[in-house]
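K.L.:
Each chain, written out:
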Amino acid sequence: MTNLILFSECEEIYMLKVYDLTKKYRKVIAVDNVSFNVEKGSVTVLLGPNGAGKSTIIKSVTGLLRYKGSILVNDLDNKSIEAKKCLSYVPEVPAMFPLLNVREHLIYFLKAYEKEIDEDKINDLLERFDLSDKQDKLGNELSKGMMQKVSICCALIVDPELIVLDEPMVGLDPKAIKELKKVVLQLRNNNKTVLISTHMLEMVESLWDHVILMNSGKLLGNYAKDEMGDKDLEYLYFENTGVDHE
Amino acid sequence: MSSGILYLYKRSVINTIKLIFRKPLKMFGLLFMVVYFTALPFMMKSMIVQFELANPAGFVTMGSFVLVYLSLPPMLSYFKRKGVIFRQSDINLVFTTPLSPKRVLIYGMFKSAYMSFVFQLAIFVAAIFIFKISPLIVFLYSFTDMILSTASSYSLATLMYASENISVKAKNMIKYSVYALLGIISGAILLSVYQNGLSVSSIQLVIKSPLFLLIPFIGWQISYMNLIILGPTMINVVASLLYILMAISLFYVAKKMKCSGDYYEDALSFATDYEVLIKRNNNGEALRFSSKKKAIHNTKSILQGNKAQVIFSRQLLTHRRQFKFFIRFFDIIHLGIGFLLLFIIHDEFNNMDPMIFFYTIMGISIYLSTFFAALNNWRKEFDNYSLYLIPASNMSKLFYATLFEHLTSLIRAIFIVLPLAIGTQMPIIITILAIIVFVLMRAMIIYGGILFKDIVGNAIGQTLASLLTMVINMILSLIPMGLSLLMIVFLEVNSTLAFIFVVFYCLLINWFILLISANKLGHIEALI
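So the protein sequences, as listed, match chains B and U.
FYI, the numbering for the first sequence is 81 to 326, going by the working numbering.
FYI, the numbering for the second sequence is 3 to 530, going by the working numbering.
Worth flagging that the hints you see were computed from the coordinates, not collected in a lab.
Do not rely on the hints blindly, as some may be mistaken.
[As the list claims (entries may be wrong)] Partial list, derived from the structure: chain B residues whose beta carbon lies under 7 Å from chain U:
{"id": "1", "residue": "Y105"}
{"id": "2", "residue": "K164"}
{"id": "3", "residue": "L179"}
{"id": "4", "residue": "K191"}
{"id": "5", "residue": "A192"}
{"id": "6", "residue": "R208"}
{"id": "7", "residue": "G225"}
{"id": "8", "residue": "Q266"}
{"id": "9", "residue": "L267"}
{"id": "10", "residue": "R268"}
{"id": "11", "residue": "L316"}
{"id": "12", "residue": "F318"}
{"id": "13", "residue": "G322"}
Note that beta-carbon positions come from the ideal geometry of N, C-alpha and C, so glycine has one too.
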């Protein structure tokens with residue numbers, strides 16, 4: 081009985097649970113039997129070189145791919161509507177609706193997630209990411225960097241329990257990177273969960289609580305910052321992936 | 003439907019209208035397209051009258067044809083999880099939001115609904131004004147069939163596209179059954195035409211037969227059209243009831259069907275391919291889905307030439323790496339056209355007038371250049387930043403970027419002209435002039451396209467620009483024909499001299515358009 085209670089309490093600390101995830105593209109195994117959990121209120125970094133399977137995991141978590149195994153978001157099947165209400169996603173390649181302007185993208189997201197339209201919150205986000213003067217621009221008039229900023233704002237506006245970011249720093253200017261880092265830390269302080277996939281070590285060094293290391297579709301290790309002492313991400317990365325540091 | 007999707011539709015429509023008002027020429031182009039499609043039946047009126055189809059029965063006959071051959075085949079694409087166009091923005095901003103995958107699919111299908119609206123509008127107008135059907139009946143048919151066909155086809159599409167329970171084997175069986183059905187219908191029509199002669203009544207014998215009207219889905223749908231437009235018969239009443247029942251059942255089954263979004267992965271891969279395709283289309287390349295990777299041939303050639311010449315040299319090298327032989331299949335087809343022409347005029351081998359020979363070649367060049375787009379390799383060059391860094395004039399860059407296309411034209415001109423010239427024993431000077439004019443006419447249409455479609459088109463919208471390009475190219479091509487004819491017939495100028503005049507005219511026009519286009523292509527944003 082005690083064991084059961086302990087198990088149940090233990091289970092509840094995780095926002096995302098990935099069990100035995102395997103994804104094949106025809107004959108190529110992109111992700112090979114990977115299991116991990118992401119704690120609620122933490123910043124977890126999915127780290128690995130190109131082709132490690134990070135984006136495939138992210139796309140599987142967001143329900144875009146077919147896969148073997150099981151993925152639970154807040155203890156709900158990740159493809160269910162209820163699970164998707166808890167989750168928002170910043171894709172690696174941003175793309176906007178060509179006929180919606182920046183502000184309308186945020187309103188669309190609020191409506192899609194059945195949230196109240198909060199003009200102050202919209203204005204605040206646009207301000208933070210330097211988009212106030214671009215809010216009337218249509219999606220097809222934005223540069224890639226701008227699109228990336230709008231994607232981040234869209235993901236943030238719905239105040240998700242879990243935010244999944246796939247290479248979010250690519251294409252952002254230094255101010256936006258700084259702002260994004262600040263936002264990530266604020267999310268953690270508000271007990272929200274952040275999963276970031278990246279290979280830019282220095283960008284996430286100050287953010288991570290946990291790191292999941294991957295290479296060639298396999299899980300190499302899952303580390304908590306508290307247990308690592310003075311070892312930094314760079315050390316963990318090169319130690320585990322076997323990539324030549326020099 | 004989700005409030006997010008409704009908002010997306012609403013704002014997209016509002017912003018489209020705003021955009022149209024911001025660019026009035028685009029509005030003109032759009033209006034032209036709507037008017038064009040609505041007026042299309044009127045343009046075909048004489049043909050409809052000639053075949054004695056300008057009556058309600060004729061409407062049903064033509065409508066049946068459209069339903070069998072235009073509506074049925076696209077349905078099959080849903081089995082391959084194609085046919086619904088999702089863009090990358092839909093993947094990023096719709097698929098990952100809390101919307102049911104079925105709603106997402108309906109959103110995808112609705113995106114192209116405006117096309118069927120324009121089509122319905124054209125049918126509505128044609129039914130009243132050409133096929134002389136009472137407006138009330140047309141309205142009754144259009145309104146009720148819109149509900150029934152939307153319910154049945156969208157439900158069927160949802161079942162085929164999003165179903166996670168129908169096996170691949172079952173899908174293939176349905177697909178081949180539909181193909182077989184189309185084959186049987188076509189076979190029956192051909193047999194009827196063979197036995198009773200080529201007439202509309204021969205075709206009507208098949209599409210009005212009880213057996214045809216009782217074919218599930220398509221036959222029932224046509225029966226419903228028969229019932230409303232032509233009045234009740236035992237068969238069409240029964241089949242129409244089955245049609246209504248089918249629409250309700252399909253809607254119910256599609257609504258109850260389990261769908262967790264398995265199709266998202268296929269839609270994602272389709273969207274990625276589609277974005278590439280759109281980019282290539284915008285660059286004027288041929289549209290073709292292909293998953294096969296092209297083999298790269300090893301060549302030892304090196305880049306030759308200086309300044310802008312390297313553009314042409316690189317194109318040649320790329321061509322040699324991509325293709326085993328310099329001459330391509332489409333070039334060989336031109337040789338076929340040459341021999342075909344020879345076969346057509348074989349009775350006049352010995353007395354073919356050089357004038358007819360020359361104008362025939364000019365006509366073929368105009369026709370082929372207008373209806374078969376050039377490779378547009380130049381566009382890829384001008385999309386490349388490095389081109390702007392080459393220390394050469396814009397004119398020479400554009401010339402060398404299009405030189406490969408002129409070389410292709412030359413090969414095709416030789417293939418078309420030579421069989422005819424040898425067969426008719428045409429003088430060498432006329433043969434050479436015909437080859438030169440073929441190449442120059444094609445060049446004129448290529449440069450005209452660059453100026454009016456790619457450069458001016460950015461300001462006035464692609465629809466209007468395409469139309470404008472076609473009209474201007476036609477005028478530019480017909481002027482030398484007309485002038486040289488005038489010279490030969492009225493001024494009694496020697497025909498060879500008149501042909502040389504055509505060559506100089508084409509050279510001048512080409513130089514002029516090249517000059518204007520090159521001036522506009524000074525920076526990479528000219529083509530954005």
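K.L.:
Would you mind marking each hint as holding or not holding in the structure?
P.N.:
Each hint, compared with the structure:
At about 9 Å, the closest approach between the beta carbon of B:Y105 and any beta carbon in chain U exceeds 7 Å, and the interface hint on this residue is violated. Satisfaction of the interface hint for B:K164 is found here, the shortest Cβ-Cβ separation to chain U being roughly 4 Å, below the 7 Å cut-off. Hint on B:L179 holds. Least Cβ distance to chain U is approximately 4 Å, under the 7 Å limit. At its closest, the beta carbon of B:K191 sits 4 Å from a beta carbon of chain U; the interface hint therefore holds under the 7 Å criterion.
Contact between B:A192 and chain U, as hinted, is supported at the beta carbon level, the nearest pair being about 3 Å apart and thus within 7 Å. Using the Cβ-Cβ criterion of 7 Å, the hint placing B:R208 at the interface with chain U is not satisfied: the shortest such distance is roughly 20 Å. Given the 7 Å rule on beta carbons, the hint for B:G225 is violated: about 16 Å separates it from the nearest Cβ of chain U. Interface restraint check: B:Q266 against chain U, minimum CB-CB distance 22 Å, threshold 7 Å, status violated.
The criterion of a C-beta within 7 Å of any C-beta in chain U is not met by B:L267, whose closest approach is roughly 18 Å, and the hint is violated. Evaluation of the B:R268 hint against chain U yields a violated restraint, the C-beta minimum of about 22 Å exceeding 7 Å. The restraint placing B:L316 at the interface with chain U is violated, with a minimum CB-CB distance near 30 Å, outside the 7 Å limit. This hint is violated: B:F318 has a C-beta 32 Å from the nearest C-beta of chain U, more than the 7 Å allowed.
For B:G322, the shortest C-beta to C-beta distance to chain U is roughly 30 Å, which exceeds 7 Å, and the interface hint is violated.
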